[in-house]
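J.: Let's have the full structure, built from the sequences with the hints guiding it.
Number of protein chains: 2
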Amino acid sequence: MAESAYKEMWEKLNLDIDAHEGLLEVLGKFYGDIYLSQQGRLQGAEYLDFVLSEVHGLRIKELQDAKAQGRKIIGSFCVFVPEELTLAADAVHVGLCSGADAGTEMAETMVPRNTCALIKSFVGFKLAKICPFTESCDVVVGETTCDGKKKAYEAFAEHVNMYIMEVPQQKNACDHDLLRAEMKRYMEELEKLTGKTIGVDDIKKGIAIANGKRKAIQRLNALRKADPAPISGRDALLINQISFYDDPVRFTAKINELCDEIEARIEKGEGVAPKGTPRLLLAGCPMAVPNWKLPYIVEGSGAVVVGEESCIGSRNIRDLVDEDATAKATTVDELLDLLTDRYMKIDCACFTPNDERLDNIADMAEELGAQGVIHYALLFCQPYSHEAFKVDKTLQAKGVPMLAIETDYGMEDVEQLKTRIEAFVETLES
Amino acid sequence: MAESAYKEMWEKLNLDIDAHEGLLEVLGKFYGDIYLSQQGRLQGAEYLDFVLSEVHGLRIKELQDAKAQGRKIIGSFCVFVPEELTLAADAVHVGLCSGADAGTEMAETMVPRNTCALIKSFVGFKLAKICPFTESCDVVVGETTCDGKKKAYEAFAEHVNMYIMEVPQQKNACDHDLLRAEMKRYMEELEKLTGKTIGVDDIKKGIAIANGKRKAIQRLNALRKADPAPISGRDALLINQISFYDDPVRFTAKINELCDEIEARIEKGEGVAPKGTPRLLLAGCPMAVPNWKLPYIVEGSGAVVVGEESCIGSRNIRDLVDEDATAKATTVDELLDLLTDRYMKIDCACFTPNDERLDNIADMAEELGAQGVIHYALLFCQPYSHEAFKVDKTLQAKGVPMLAIETDYGMEDVEQLKTRIEAFVETLES
Numbered sequence: 056m057a058e059s060a061y062k063e064m065w066e067k068l069n070l071d072i073d074a075h076e077g078l079l080e081v082l083g084k085f086y087g088d089i090y091l092s093q094q095g096r097l098q099g100a101e102y103l104d105f106v107l108s109e110v111h112g113l114r115i116k117e118l119q120d121a122k123a124q125g126r127k128i129i130g131s132f133c134v135f136v137p138e139e140l141t142l143a144a145d146a147v148h149v150g151l152c153s154g155a156d157a158g159t160e161m162a163e164t165m166v167p168r169n170t171c172a173l174i175k176s177f178v179g180f181k182l183a184k185i186c187p188f189t190e191s192c193d194v195v196v197g198e199t200t201c202d203g204k205k206k207a208y209e210a211f212a213e214h215v216n217m218y219i220m221e222v223p224q225q226k227n228a229c230d231h232d233l234l235r236a237e238m239k240r241y242m243e244e245l246e247k248l249t250g251k252t253i254g255v256d257d258i259k260k261g262i263a264i265a266n267g268k269r270k271a272i273q274r275l276n277a278l279r280k281a282d283p284a285p286i287s288g289r290d291a292l293l294i295n296q297i298s299f300y301d302d303p304v305r306f307t308a309k310i311n312e313l314c315d316e317i318e319a320r321i322e323k324g325e326g327v328a329p330k331g332t333p334r335l336l337l338a339g340c341p342m343a344v345p346n347w348k349l350p351y352i353v354e355g356s357g358a359v360v361v362g363e364e365s366c367i368g369s370r371n372i373r374d375l376v377d378e379d380a381t382a383k384a385t386t387v388d389e390l391l392d393l394l395t396d397r398y399m400k401i402d403c404a405c406f407t408p409n410d411e412r413l414d415n416i417a418d419m420a421e422e423l424g425a426q427g428v429i430h431y432a433l434l435f436c437q438p439y440s441h442e443a444f445k446v447d448k449t450l451q452a453k454g455v456p457m458l459a460i461e462t463d464y465g466m467e468d469v470e471q472l473k474t475r476i477e478a479f480v481e482t483l484e485s
Numbered sequence: 056m057a058e059s060a061y062k063e064m065w066e067k068l069n070l071d072i073d074a075h076e077g078l079l080e081v082l083g084k085f086y087g088d089i090y091l092s093q094q095g096r097l098q099g100a101e102y103l104d105f106v107l108s109e110v111h112g113l114r115i116k117e118l119q120d121a122k123a124q125g126r127k128i129i130g131s132f133c134v135f136v137p138e139e140l141t142l143a144a145d146a147v148h149v150g151l152c153s154g155a156d157a158g159t160e161m162a163e164t165m166v167p168r169n170t171c172a173l174i175k176s177f178v179g180f181k182l183a184k185i186c187p188f189t190e191s192c193d194v195v196v197g198e199t200t201c202d203g204k205k206k207a208y209e210a211f212a213e214h215v216n217m218y219i220m221e222v223p224q225q226k227n228a229c230d231h232d233l234l235r236a237e238m239k240r241y242m243e244e245l246e247k248l249t250g251k252t253i254g255v256d257d258i259k260k261g262i263a264i265a266n267g268k269r270k271a272i273q274r275l276n277a278l279r280k281a282d283p284a285p286i287s288g289r290d291a292l293l294i295n296q297i298s299f300y301d302d303p304v305r306f307t308a309k310i311n312e313l314c315d316e317i318e319a320r321i322e323k324g325e326g327v328a329p330k331g332t333p334r335l336l337l338a339g340c341p342m343a344v345p346n347w348k349l350p351y352i353v354e355g356s357g358a359v360v361v362g363e364e365s366c367i368g369s370r371n372i373r374d375l376v377d378e379d380a381t382a383k384a385t386t387v388d389e390l391l392d393l394l395t396d397r398y399m400k401i402d403c404a405c406f407t408p409n410d411e412r413l414d415n416i417a418d419m420a421e422e423l424g425a426q427g428v429i430h431y432a433l434l435f436c437q438p439y440s441h442e443a444f445k446v447d448k449t450l451q452a453k454g455v456p457m458l459a460i461e462t463d464y465g466m467e468d469v470e471q472l473k474t475r476i477e478a479f480v481e482t483l484e485s
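Same order as they appear, the protein sequences are chains A and B. So for the first sequence, the working numbering puts the first residue at 56; every next one is plus one. So for the second sequence, the working numbering puts the first residue at 56; every next one is plus one.
Rather than coming from a laboratory, the hints here were simulated on the basis of the structure. A few of these clues could be false.
[Unchecked claim] With a straight-line Cα cutoff of 25 Å, these simulated BS3-like cross-link-like pairs (lysine-lysine) come out:
id : chain 1 : residue 1 : chain 2 : residue 2
1  : A       : Lys251    : A       : Lys122
2  : B       : Lys448    : A       : Lys184
3  : B       : Lys239    : A       : Lys226
[What the hints assert, rightly or not] One-sided and incomplete, this derived list gives chain B residues near chain A with beta-carbon spacing under 8 Å:
id : residue
4  : Glu209
5  : Gln225
6  : Tyr300
[Claimed, not checked] Which chain B residues face chain A? A few, computed with CB under 7 Å, are given here:
id : residue
7  : Phe85
8  : Gly87
9  : Pro167
10 : Thr199
11 : Cys201
12 : Asp202
13 : His214
14 : Val215
15 : Glu221
16 : Lys226
17 : Cys229
18 : Gly267
19 : Pro283
20 : Thr407
21 : Gln437
22 : Pro438
Even glycine gets a Cβ: it sits at the ideal position worked out from N, Cα and C.
T.: Below you can see the structure in the form of structure tokens.
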């Protein structure tokens with residue numbers, strides 16, 4: 056990464072320059088090992104390489120340029136924060152750093168040691184001053200999807216300008232009402248922040264952009280049904296990760312181009328692994344950049360990852376805001392209703408019960424031709440650790456084997472994970 | 056305990072008789088060591104001893120007798136489940152077993168290992184068939200106060216008839232609406248279950264009984280301001296614990312009698328520890344029967360416990376349902392509003408923010424003349440572990456020292472805890 060060109064910008068953002076350069080160095084090496092070493096990669100992956108190499112550079116410069124034009128930057132950690140409204144306010148919606156161990160000791164002065172790696176990471180990145188996204192934000196929108204995040208945001212609020220959006224825990228009428236009220240409150244907060252009154256056309260524009268992004272990834276995921284697998288799980292994960300950082304219109308265009316290339320590849324019967332390679336679905340917790348540990352191990356164990364049932368994966372893109380109803384809507388209230396309908400469909404483990412998720416995982420495994428599922432829970436993530444038991448039961452009933460993994464961002468358990476995953480893959484081959 | 060007299064009843068409840076007798080034996084020994092060994096105990100503690108000795112015996116027989124009369128038994132684990140409505144339906148409201156390691160290995164086949172002891176305990180007690188309360192219930196009412204319970208109830212529902220009541224996570228208007236809707240839904244569920252239509256007078260009766268219980272414990276807590284401390288923290292905790300099991304009208308009468316005795320004792324300047332003994336407030340997670348570990352250690356370390364800031368403590372009794380407004384109310388809807396107002400005041404760590412709790416702890420410490428606070432979090436309890444940081448900060452600002460403890464129901468760390476607590480108490484004396 057071209058560190059020097061951006062040094063002045065990073066200094067203005069009050070980053071710890073030395074620590075940040077150390078991070079970029081590790082990240083660059085890690086990316087080279089995991090991504091650039093791949094055989095038979097798509098040509099369109101150049102876009103991924105470019106975005107990743109410039110994620111703390113050019114993309115941050117774009118955010119600064121947007122700020123200079125008076126636009127606001129909204130950071131979030133969760134697929135429940137409605138990007139449509141952020142876009143309707145002509146603000147920029149970005150994910151924040153949370154996928155690597157950073158500033159852990161500092162983080163543990165503010166959150167308990169028994170907190171999942173993702174949460175410790177976002178707190179640590181802030182305290183260590185190495186996340187230019189967090190530093191660029193006018194507001195960070197937190198949510199109440201899990202105890203760990205909900206309570207960590209209280210501590211985080213001592214360091215950043217936080218806004219908390221409540222997400223309900225069941226799917227009854229009163230829950231729909233609550234989320235609808237929270238949609239409105241968020242919209243009003245954006246209006247206050249930007250000084251812009253959000254109208255029908257603004258929300259329709261936001262919906263069109265967000266739906267466009269979702270449709271591009273839906274198209275990608277449908278192409279992944281092909282055997283041989285036309286794209287590696289690593290690259291597919293990276294696409295999902297980048298969808299939270301890059302400009303959404305550019306992202307959508309680039310991913311559609313990549314899908315064109317994949318279609319041509321499928322036509323020729325080509326792929327990233329031989330036809331018949333064991334196919335696995337990953338399900339569970341989100342994997343934020345640069346948490347590529349699990350797909351890297353899986354794809355080094357003789358299998359290929361064909362799907363990500365995760366917030367940084369199918370959970371974020373499965374449901375569109377109803378397009379026909381959006382076209383017909385004539386009031387902001389109607390559009391907020393449609394947004395609420397869409398967001399209430401999310402099969403997050405924060406809901407009880409959350410049986411849709413069980414069905415969705417089973418359906419994905421079948422559609423993608425996955426012979427097995429790896430359930431991935433971050434250590435101390437209670438919602439997904441608990442659901443792993445139910446997912447296992449559901450898949451067993453369908454004859455689909457599942458391996459449950461709990462891990463963090465550390466590398467101490469890599470060899471142990473390899474051993475377990477290789478053994479799991481072997482059972483699929485026999 | 057008179058096991059033999061109840062054996063037939065326990066068999067009918069399908070308890071594992073041998074395992075249950077083993078439990079009672081351990082419990083009896085534990086109770087003897089921790090409670091009966093105390094010097095200068097109140098005469099009224101005989102009631103506590105009796106209730107505890109008959110908690111799986113006579114009290115269960117009462118539940119069976121109530122069932123034989125057509126009354127329903129409602130079990131719960133949380134102070135958010137409105138006992139007023141249960142009583143209005145002429146049903147019996149009881150807490151369930153959750154304060155000891157039991158059936159842990161079995162529990163870990165259904166919930167993750169990294170789950171707090173209380174949750175593993177209630178699952179384990181059920182799977183090991185040693186909780187006659189759980190086995191007596193027509194319905195168990197769970198709630199969504201933490202990720203661990205919320206998701207464990209899904210597994211628990213495979214074994215008991217569960218009903219889930221949603222508790223909101225913030226205190227805005229939409230949250231009040233949600234809890235109000237949940238109050239109504241619970242009332243309707245009770246009507247379905249009991250076949251009884253709940254009217255204004257029924258709810259007023261329920262409110263009177265529940266408020267009566269709360270006022271008795273409020274009275275007790277106010278008397279604990281005295282120095283020398285007129286009652287041990289162990290006995291006060293036991294009173295709070297028993298409030299979840301015993302008949303509420305009998306409980307209220309007995310605790311008021313006990314308070315009369317305490318008043319006489321205060322008059323004479325007598326207490327359970329010399330005047331000037333360091334006074335500590337416990338704050339944090341609930342301690343369910345027979346989890347007496349921490350107050351036992353504290354009171355063996357030269358201090359006396361003068362308050363319990365906990366669900367099995369002040370959190371459950373601080374707020375009354377408004378009595379004047381109740382007297383004036385003429386509709387069920389008005390009464391449900393009053394109940395909602397009361398329950399929305401609870402300062403549970405499930406809320407974000409939850410600053411009332413910080414103020415309440417500081418106020419309690421001051422009012423009770425506590426020189427220090429021990430914050431008690433069950434290992435893997437994320438809401439309270441996170442809040443410990445904020446409580447510490449708040450108390451520091453007031454010059455009140457705090458010791459943060461994370462532990463479980465095991466005895467492995469007793470010596471280590473003793474060392475830490477003794478050192479903490481010494482700093483208070485100097």
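J.: If a hint holds in the structure, say so; if it does not, say that too.
T.: Status of the hints after comparison with the structure:
In summary, the hint linking A/Lys251 to A/Lys122 is supported, as the alpha carbons are separated by about 15 Å, within the 25 Å threshold. A distance of roughly 23 Å separates the Cα atoms of B/Lys448 and A/Lys184; the hinted pair therefore holds under the 25 Å criterion. Taken as a hint, the B/Lys239 and A/Lys226 pair is honoured in the structure, with Cα atoms around 16 Å apart against an allowance of 25 Å. Because the closest C-beta pair between B/Glu209 and chain A is about 6 Å apart, less than 8 Å, the hint holds.
A cut of 8 Å between beta carbons decides the hint on B/Gln225: the least distance to chain A is about 5 Å, and the hint holds. Hint status for B/Tyr300: violated, given a least beta-carbon distance of 27 Å to chain A, over 8 Å. At about 28 Å, the closest approach between the beta carbon of B/Phe85 and any beta carbon in chain A exceeds 7 Å, and the interface hint on this residue is violated. Of the supplied interface hints, the one on B/Gly87 is violated, with its beta-carbon coming no nearer than about 34 Å to a beta-carbon of chain A, more than 7 Å.
At a threshold of 7 Å, the smallest CB-CB gap from B/Pro167 to chain A is about 4 Å, leaving the interface hint in force. With a cut of 7 Å, the hint placing B/Thr199 at the interface with chain A holds, because the nearest CB-to-CB distance is about 4 Å. The beta carbon of B/Cys201 comes within 6 Å of a beta carbon in chain A, closer than 7 Å, and the hint placing it at the interface holds. Annotation: B/Asp202 was flagged as interfacial toward chain A, and the flag holds, the nearest CB pair being 4 Å apart, inside 7 Å.
Hint status for B/His214: violated, given a least beta-carbon distance of 13 Å to chain A, over 7 Å. Taken as an interface hint, B/Val215 does not check out: its beta carbon lies about 15 Å from the nearest beta carbon of chain A, beyond 7 Å. At its closest, the beta carbon of B/Glu221 sits 5 Å from a beta carbon of chain A; the interface hint therefore holds under the 7 Å criterion. The beta carbon of B/Lys226 is not positioned within 7 Å of any beta carbon in chain A (closest approach about 10 Å), and the interface hint is therefore violated.
A cut of 7 Å between beta carbons decides the hint on B/Cys229: the least distance to chain A is about 4 Å, and the hint holds. Taking 7 Å as the C-beta contact cut-off toward chain A, the hint placing B/Gly267 at the interface is violated, the least distance being around 31 Å. About 36 Å separates the beta-carbon of B/Pro283 from the nearest beta-carbon of chain A, more than 7 Å, and the hint is not met. With its C-beta approaching chain A no nearer than about 5 Å, B/Thr407 sits inside the 7 Å limit, and its interface hint holds.
Because the closest C-beta pair between B/Gln437 and chain A is about 4 Å apart, less than 7 Å, the hint holds. For the restraint placing B/Pro438 at the interface with chain A, the shortest Cβ-Cβ distance is roughly 5 Å, inside the 7 Å limit, so the hint holds.
The structure fails hints 6, 7, 8, 13, 14, 16, 18, 19 (numbered hints given earlier, in ascending order).
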